[in-house]
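One-letter residues, chain by chain:
2 protein chains.
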Amino acid sequence: MGTGPAVLAFDVGGTDIKAALFDDAGRVLGLSRTPTPLEPGRTAASVTRRLGELSRELRARFPEVEPVAAGVVVPGIVDAERGVGVFASNLGWADAPIRALASREIGLPVAFDHDVRAASWAEHRLGAARAFDDVVVLVIGTGIAGSLILDGRPHTAGGYAGEIGHSPVADSPRCACGAMGCLEAIASAGAIARHYAERSGRPVDGAREVLALAADGDAEASAVWSEALDALAFSIAQLTAVLAPRAVVIGGGLSRAGDGLFGPLRERLDARLSFHRRPELVPAELGEDAGLLGAALIARELDGDTAADDPDVTGDADAEAAG
Amino acid sequence: MGTGPAVLAFDVGGTDIKAALFDDAGRVLGLSRTPTPLEPGRTAASVTRRLGELSRELRARFPEVEPVAAGVVVPGIVDAERGVGVFASNLGWADAPIRALASREIGLPVAFDHDVRAASWAEHRLGAARAFDDVVVLVIGTGIAGSLILDGRPHTAGGYAGEIGHSPVADSPRCACGAMGCLEAIASAGAIARHYAERSGRPVDGAREVLALAADGDAEASAVWSEALDALAFSIAQLTAVLAPRAVVIGGGLSRAGDGLFGPLRERLDARLSFHRRPELVPAELGEDAGLLGAALIARELDGDTAADDPDVTGDADAEAAG
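Protein sequence lines, in the order shown, are assigned to chains Y and E. If you read the first sequence in full-length UniProt numbering, its first letter stands for residue 1, the second for the next number, and so on. If you read the second sequence in full-length UniProt numbering, its first letter stands for residue 1, the second for the next number, and so on.
If you are wondering where the hints come from, they were derived from the structure by calculation, not from laboratory data. Any given hint might turn out to be false.
Looking from chain Y toward chain E, a few residues come up when the C-beta cut is under 8 Å (computed) [as the list claims (entries may be wrong)]:
1) 52
2) 132
3) 161
4) 178
5) 238
6) 272
7) 273
8) 275
Glycine included, every Cβ here is placed at the ideal spot set by N, Cα and C.
Go ahead and model the full structure; you've got the sequences and the hints to work with.
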């Protein structure tokens, strides 16, 4: 990722934490993936404490590298400006001052953001989105996450923007989030596998198997895949009319279908539109470490003022257990 | 609209041109509405020539007011940055350098923008949207136009953004634009009147009459109105998930239905959403002169550089007739 100050980077997920040190040449050192310590009612404390341990391990292993900041990215609703994890169902926190807690544990200034927004920012700075000032990034895996870069800047709306997976494309089925007809409930890899199993009565290993079955002429697989493509084209048509991005970058497991996804999606999108300016549909380039790269980037871009307004967390972080 | 330099303002529509002079106290002087000179193949020339005549009339009538700039707003696809009317079906121009032509005819620097974006900017600076940095403005009349203000700035994407009226909410009916299931084809005042006439076989004077019939228990009117409300709620739910605006300001003829529109719309929007942050739904405040006010505002905000890159139009403007 080019030269710049050395930084620590952490991508916190519901299952594991990816950690690494980036040196001043942009080389990644000591990349590790360890389980996320989920302690019901005190996950913010246990996770940030773990980030402190991982920092000390990395610094002990690479004493010649002197990081000046750390980047921490997490899932859920994230208010990057305030440094707060507003809500994350798989981590169990609500309104947790993650940036301040992490900064105390790591002993460095911390840049804090949403995992998919950070990954999208990495695609914008280093990957498939770098040619575009107006670009939407969609990550299609078990769920569907999105992120908007408009006029070259992330549009976050306090962490609530970019929920393209939970934007309606139909009146059914009910989504896990509680709303009806969300894109994620029809077109995520998870939904594709689930719908095929429901219709055919045959469980499958994942969306990839449904696509293979569709390619082999399985009618139920073809129908499920076609519905997913229609829903994606519908959603991208909405984005096109409202935001007119120059490109939609698609990453996540489903994007590995390559032309099997991008070809029919381009056709269906084109058929839905009239005078609208078509966006390019392009595959993400950075792969599954995009979030970690994004964490390193935001740490390098950190300006000294960011954490100045953070709440005082010198007290017991475990106080969250009461919340 | 407060104190500032005196400016000329023109709101060019497919039927008429509104023109006025705003003095340095923000008072509107000599407001007029005259027919738009539509000359097939040379409308850009005839319209901008007419703007020159209107300027001279206003300046002759109010010689004590010395305008320093003019604001010109037009419908269609508008690239404000380049000063170009990209396309306007009701004015018949394509890629017309309106800003440069108007500036030559008026003899002053010209600020140029899209009519609904300018009206929305006026709502943001002076009206219902002034408390919000992230706000969507919807104007629901014969058609549906939209405009986005994100992080306090208009998001235009070269004039293609904000086409909420031509964003899909369903798979049918076909819209006049050629696409299927556009919001405008279901929920505009024009569509409401048309759909009622089609279903009932009884022509109506407009959406207002359909709403009155629905209030009186007419089943077909109720069904048409309910479908329009569902489509609007669907569209605003999309905007909420993707952009998370703090408010959606609704203007245009349909907004005069007041609580008859805003009440059921709030309920349906709320029912569609889950974890999403609800936007306020608020009526526009500035009325039908919002576009003209917006033209005056952008003229006052004009920075001297804007027109520096304009193409040379010292030649014959009628050359467009060849296009």
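Results of checking the hints against the structure:
| no. | hint | in the structure |
| --- | --- | --- |
| 1 | 52 | violated, 30 Å |
| 2 | 132 | violated, 11 Å |
| 3 | 161 | holds, 4 Å |
| 4 | 178 | holds, 4 Å |
| 5 | 238 | holds, 5 Å |
| 6 | 272 | holds, 6 Å |
| 7 | 273 | holds, 6 Å |
| 8 | 275 | holds, 6 Å |
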